Amino acid sequence: TAWDSTEAVSWTFMGMHHYLWDKKRHLTEVRWKDYKVLVDINAQTGKAWENGELIDSEKKTAKLVDKAWKFWVNDSFWLNAPAKAFDSGTSRSIVKQKDNTEALLVSYASGGATPGDSYLWILDENGLPTAWQMWVKVIPIDGIKVGWSGWKTTETGAKIATMHNGLSMEMEMISDVKTAFQLSDLTTAEDPFTAIAN
47 TAWDSTEAVS WTFMGMHHYL WDKKRHLTEV RWKDYKVLVD INAQTGKAWE
97 NGELIDSEKK TAKLVDKAWK FWVNDSFWLN APAKAFDSGT SRSIVKQKDN
147 TEALLVSYAS GGATPGDSYL WILDENGLPT AWQMWVKVIP IDGIKVGWSG
197 WKTTETGAKI ATMHNGLSME MEMISDVKTA FQLSDLTTAE DPFTAIAN
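Just so we're aligned: 181 in the working numbering is position 135 of the sequence shown, and the numbers increase by one with no gaps anywhere.
Treat the hints as calculated values from the structure; they're not laboratory data.
Since the model is a prediction, treat every value here as computed from it, not as a measurement.
Do not take every clue at face value.
[Claimed, not checked] Restricting the straight-line Cα-Cα distance to at most 30 Å, the calculated cross-link-like pairs of lysine-lysine (DSS-like) are:
#1 93 / 105
#2 224 / 198
#3 183 / 130
#4 183 / 116
#5 116 / 191
#6 142 / 113
#7 105 / 183
#8 224 / 82
#9 105 / 69
#10 183 / 82
#11 113 / 70
#12 82 / 69
#13 79 / 144
#14 130 / 69
#15 105 / 198
Could you put the whole structure together from the sequences, leaning on the hints where they help?
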């Protein structure tokens, strides 16, 4: 419920990709290196800047918009994958584990950049995810287990896991996360998406 009422989110992924997400209008700003790209998430269109200058090449813009959209698909999934368990194209089933506990298997038949991926969620007694096992196209190891921890309750009450561990390492993948009930609470610009908003 808290996530559903959240209209704007800002965060950094792996210290490399910086986001301002207008969740209400499905628009995002992605910044990395010398680039800033505004993306209409649903239409997969947008505009791009390099070193503060608007790129006028349609080909280069399209390439950067596609790259930013793929960054957003991956990084927003790590931001709050539990919120996507009921997305269109998903299926869910209860799986009995060897220790007789139950886990939730979520499979994605469509959507995102890599449809066909599956995630087995391990939940604690309160239903909060503690880990998942992944069967995904981009990782050659089947069923790799990754922990979800470092849970932070944000300004809107939404819970976000900032830490993930797997393959004998732990890392802060999500940092500087802030949520708001309206976009203006996260930016000083009147509307940072004017260039692409309809």
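Structure-based check of all given hints:
{"no.": "1", "hint": "93 / 105", "result": "holds, 11 Å"}
{"no.": "2", "hint": "224 / 198", "result": "holds, 10 Å"}
{"no.": "3", "hint": "183 / 130", "result": "holds, 18 Å"}
{"no.": "4", "hint": "183 / 116", "result": "holds, 15 Å"}
{"no.": "5", "hint": "116 / 191", "result": "holds, 23 Å"}
{"no.": "6", "hint": "142 / 113", "result": "violated, 38 Å"}
{"no.": "7", "hint": "105 / 183", "result": "holds, 28 Å"}
{"no.": "8", "hint": "224 / 82", "result": "holds, 19 Å"}
{"no.": "9", "hint": "105 / 69", "result": "holds, 27 Å"}
{"no.": "10", "hint": "183 / 82", "result": "holds, 28 Å"}
{"no.": "11", "hint": "113 / 70", "result": "holds, 22 Å"}
{"no.": "12", "hint": "82 / 69", "result": "holds, 18 Å"}
{"no.": "13", "hint": "79 / 144", "result": "violated, 46 Å"}
{"no.": "14", "hint": "130 / 69", "result": "holds, 13 Å"}
{"no.": "15", "hint": "105 / 198", "result": "violated, 40 Å"}
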